[in-house]
Amino acid sequence: MSVVGTSPGSADTMRETIRHSSYYPGKGSEWEQLTGYLQKYTNLVTGWQFRYFVLNWENGELEYFVTEPQGRSQKPRGVIALAGAMISPSEDDSYAFSVMAVNGEQFRLRAKDAKERQHWVSRLQGCAQHYTEAIGLLNPPPVTHDTSLVPSPMRRHRRLPVEGRGSTPDTKPQTLPCSIPGLVNNSHFERLETLRQVTRMLIHVGKRQRDLARALSELPSSRSPVICLDSDLLILKASAAATLACLHDCLGALRTGSAWNSSLSTTRFPGRLWLKEHGEEYTFSLPSAYARSILTVPWVELGGKVSISCASSGYSASITFHTKPFYGGKLHRVNAEVKHVASTTVVCRAQGEWNGMLEFAYNNNTTKTIDTSTLPVTRKRVRPLCNQRPFESRRLWQNVTNALRADDVEKATEQKHKLEQRQRLEERQRLETNTTYVPKYFVEEGDGWVYHKPLWKPT
Numbered sequence: 015m016s017v018v019g020t021s022p023g024s025a026d027t028m029r030e031t032i033r034h035s036s037y038y039p040g041k042g043s044e045w046e047q048l049t050g051y052l053q054k055y056t057n058l059v060t061g062w063q064f065r066y067f068v069l070n071w072e073n074g075e076l077e078y079f080v081t082e083p084q085g086r087s088q089k090p091r092g093v094i095a096l097a098g099a100m101i102s103p104s105e106d107d108s109y110a111f112s113v114m115a116v117n118g119e120q121f122r123l124r125a126k127d128a129k130e131r132q133h134w135v136s137r138l139q140g141c142a143q144h145y146t147e148a149i150g151l152l153n154p155p156p157v158t159h160d161t162s163l164v165p166s167p168m169r170r171h172r173r174l175p176v177e178g179r180g181s182t183p184d185t186k187p188q189t190l191p192c193s194i195p196g197l198v199n200n201s202h203f204e205r206l207e208t209l210r211q212v213t214r215m216l217i218h219v220g221k222r223q224r225d226l227a228r229a230l231s232e233l234p235s236s237r238s239p240v241i242c243l244d245s246d247l248l249i250l251k252a253s254a255a256a257t258l259a260c261l262h263d264c265l266g267a268l269r270t271g272s273a274w275n276s277s278l279s280t281t282r283f284p285g286r287l288w289l290k291e292h293g294e295e296y297t298f299s300l301p302s303a304y305a306r307s308i309l310t311v312p313w314v315e316l317g318g319k320v321s322i323s324c325a326s327s328g329y330s331a332s333i334t335f336h337t338k339p340f341y342g343g344k345l346h347r348v349n350a351e352v353k354h355v356a357s358t359t360v361v362c363r364a365q366g367e368w369n370g371m372l373e374f375a376y377n378n379n380t381t382k383t384i385d386t387s388t389l390p391v392t393r394k395r396v397r398p399l400c401n402q403r404p405f406e407s408r409r410l411w412q413n414v415t416n417a418l419r420a421d422d423v424e425k426a427t428e429q430k431h432k433l434e435q436r437q438r439l440e441e442r443q444r445l446e447t448n449t450t451y452v453p454k455y456f457v458e459e460g461d462g463w464v465y466h467k468p469l470w471k472p473t
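In the working numbering, the protein residues as written are 15 to 473.
Treat the hints as calculated values from the structure; they're not laboratory data. Note that the Cβ used here is the ideal one computed from N, Cα and C, for glycine as well. Don't take every hint at face value.
Distance windows between CB atoms, simulated [stated by the list, open to error]:
hint, residue 1, residue 2, range
1, Y451, C400, 24 to 34 Å
2, A420, G328, 29 to 39 Å
3, E147, D107, 27 to 37 Å
4, G50, Q412, 18 to 28 Å
5, G318, G342, 37 to 47 Å
6, L287, E424, 35 to 45 Å
Dumping the calculated DMTMM-like pairs for lysine to aspartate or glutamate here, alpha-carbon to alpha-carbon at most 20 Å [stated by the list, open to error]:
hint, residue 1, residue 2
7, K54, E72
8, K467, D421
9, K467, E291
10, K432, E459
11, K319, E441
12, K382, E406
13, K454, E441
14, K89, D106
15, K430, E446
16, K454, E406
17, K126, E147
18, K382, E351
19, K290, E315
20, K432, D421
21, K353, E406
22, K221, E119
23, K471, E459
24, K319, D106
25, K338, E315
26, K430, E441
27, K319, E367
28, K221, E291
29, K471, E295
30, K467, E294
31, K338, D107
32, K54, E82
33, K338, E367
34, K432, D422
35, K353, E373
36, K54, E130
37, K353, E295
38, K471, D225
39, K471, E291
40, K319, E373
Kindly produce the complete structure, drawing on both the sequences and the hints.
Written out as structure tokens, the structure reads:
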């Protein structure tokens, strides 16, 4: 069993002290254990694996087991102490988040959906904040303190690399802004730019905090070494983590405004397909695309679960796109299952390769094989650029596309910046004149947008 973040002795001492202090609130709804299966990233070989996690509020720890424990006597496979830990949702994956201990060790986790991720992140952050604040309350800083963390024989090592191992220290001072004037400005875009600057600053400060913790743990030994369990260092790490957590909470509160969400948040709406010859409408989702070997010969594969449903026929399908393991396995594997919704009867199963041979097995013991590579391809019909209107996407972005095809990334970035600046200026002018933007080809329907003249609607 591995314990991440602190030693067993110091962790037990801290927990006992908190339990016997007035700061410990006792049992409550928010102190109940949170349990459930999450995906944990193990290594490049095994990738993501399901593990059973337990949030132990009483001990301030996140434990995980290979399977759900059958009794209290079963020991966890791993434990991470949440005191001073940082819980960070992933910006690239809406289901993933990470838990980093004060010593730099990290758990990369993934929930089944965004709602479950938010639930775990909120509970973990609450537990981490409680134990982090408890450390500060139970270990107040001394009245007098030497300005150096180490005795004189080690003061030659005071300049710690904070940009990574073996890098030169950055002598340029980094300060956090004390005030954010853009937040009280009436300009919509100045507020957004200010929030972006704060986000970048928090990411930078978080990296500095992790580098500082790593540098302290790598100090050379001497007659009076500085170790990661030193009380002053624990207070330093906990205070830094608590400060960053507070700043992230403030930034999250600012982000909840409609101005931020309307510009930067993206929502994945389900697709809709109408078959006129059958009079059926299908609602479906799409798999995720993964770019592999980006440093050598890039290639793309599909992964994830996809659902297809039709209300008029009463059938639904669940499709799983399997990604290739690091060692062995095949590419582009897919499994599917078709059910009758009312009776929950499986009428068909399919397996094979989504871009090759697919075998279908029906419940009447018949089978069918389809070679998708031989199916006819219906290509998109696009007008030449010279016949397109100025705001059609291919013509609007043609300079960016041509620059990327010529491997001129700088020019592509410049052209992209020009388009974005023009759109920001137009939006600012609409706000100043209180003008509403009216789309030309799409209308809002429910939570999404649809084409104003779909083929299935009579003209």
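Hint check:
Range check, Y451 to C400: Cβ separation about 27 Å, and the 24 to 34 Å hint holds. Checked against the hint of 29 to 39 Å, the C-beta distance between A420 and G328 comes to roughly 52 Å, which is inconsistent with it. At roughly 30 Å, the beta-carbon separation of E147 and D107 lies within the given 27 to 37 Å, and the hint holds. With their beta carbons about 49 Å apart, G50 and Q412 fall outside the hinted range of 18 to 28 Å.
Checked against the hint of 37 to 47 Å, the pair G318 and G342 fails, with Cβ atoms roughly 21 Å apart. L287 and E424 have their C-beta atoms about 40 Å apart, which keeps the hinted 35 to 45 Å range intact. The hinted pair formed by K54 and E72 fails the criterion: a straight-line CA distance of about 23 Å is larger than 20 Å. About 38 Å separates the Cα atoms of K467 and D421, which puts this hinted pair outside 20 Å; it is violated.
Between K467 and E291, the direct Cα distance comes to roughly 18 Å. Compliance with the 20 Å bound is thereby established for this hinted pair. At roughly 31 Å between alpha-carbon atoms, K432 and E459 are farther apart than 20 Å, so this suggested pair is violated. Among the hinted pairs, K319 with E441 is inconsistent with the structure: their alpha-carbon atoms are about 38 Å apart, more than 20 Å. About 43 Å separates the Cα atoms of K382 and E406, which puts this hinted pair outside 20 Å; it is violated.
For the hint linking K454 to E441, the alpha-carbon distance of about 16 Å falls within 20 Å, and the restraint holds. Annotation: proposed proximity of K89 to D106 is violated, straight-line Cα distance about 33 Å (limit 20 Å). In summary, the hint linking K430 to E446 is not supported, as the alpha carbons are separated by about 25 Å, beyond the 20 Å threshold. A threshold of 20 Å between alpha carbons decides the hint, and for K454 with E406 the separation of about 11 Å falls inside it, so the pair holds.
This hinted pair does not check out: K126 and E147 have alpha carbons roughly 31 Å apart, beyond 20 Å. Of the pairs offered as hints, the one joining K382 and E351 holds, with about 14 Å between alpha carbons and a cut-off of 20 Å not exceeded. Distance restraint check for K290 and E315: the Cα-Cα separation of roughly 31 Å exceeds the 20 Å cut-off, and the hinted pair is therefore not satisfied. Between the alpha carbons of K432 and D421 the distance comes to roughly 19 Å, so the proposed pair stays at or under 20 Å and holds.
A distance of roughly 41 Å separates the Cα atoms of K353 and E406; the hinted pair therefore is violated under the 20 Å criterion. Between K221 and E119 the CA atoms are separated by roughly 14 Å; this keeps the pair inside 20 Å, and the hint holds. Between K471 and E459 the alpha-carbon distance is near 14 Å, which keeps this suggested pair within the 20 Å criterion. Restraint check for K319 and D106: the C-alpha separation of about 18 Å stays at or below 20 Å, so the hint holds.
For the proposed pair K338 and E315, the alpha carbon gap of about 8 Å is at most 20 Å, so the pair holds. For a cut-off of 20 Å, the pair hint linking K430 to E441 stands: about 17 Å separates their Cα positions. With a C-alpha separation of about 15 Å, the suggested pair K319 and E367 falls inside the 20 Å cut-off, and the hint holds. Restraint check: the Cα-Cα separation between K221 and E291 comes to about 58 Å, which exceeds 20 Å; the hinted pair is violated.
A hinted pair counts as satisfied when its Cα atoms are at most 20 Å apart, and K471 with E295 qualifies at roughly 12 Å. Distance check on the hinted pair: K467 and E294 sit about 18 Å apart at the alpha-carbon level, within 20 Å; holds. A hinted pair counts as satisfied when its Cα atoms are at most 20 Å apart, and K338 with D107 qualifies at roughly 19 Å. Simply put, K54 and E82 have alpha-carbon atoms about 15 Å apart, close enough for the 20 Å limit, and the pair holds.
A threshold of 20 Å between alpha carbons decides the hint, and for K338 with E367 the separation of about 12 Å falls inside it, so the pair holds. For the hint pairing K432 with D422, the CA-to-CA distance comes to about 16 Å; that is within 20 Å, so the pair holds. As the CA atoms of K353 and E373 are separated by approximately 17 Å, the hinted pair is consistent with the 20 Å bound. The straight-line distance between the Cα atoms of K54 and E130 is roughly 15 Å, inside the 20 Å bound, and the hint therefore holds.
A threshold of 20 Å between alpha carbons decides the hint, and for K353 with E295 the separation of about 17 Å falls inside it, so the pair holds. Restraint check for K471 and D225: not satisfied, since their Cα atoms lie roughly 59 Å apart, outside the 20 Å limit. For the hint linking K471 to E291, the alpha-carbon distance of about 14 Å falls within 20 Å, and the restraint holds. Straight-line distance between C-alpha atoms of K319 and E373 comes to about 19 Å, which keeps the hinted pair within the 20 Å bound.
Consistency note: the structure conflicts with the earlier hints numbered 2, 4, 5, 7, 8, 10, 11, 12, 14, 15, 17, 19, 21, 28, 38.
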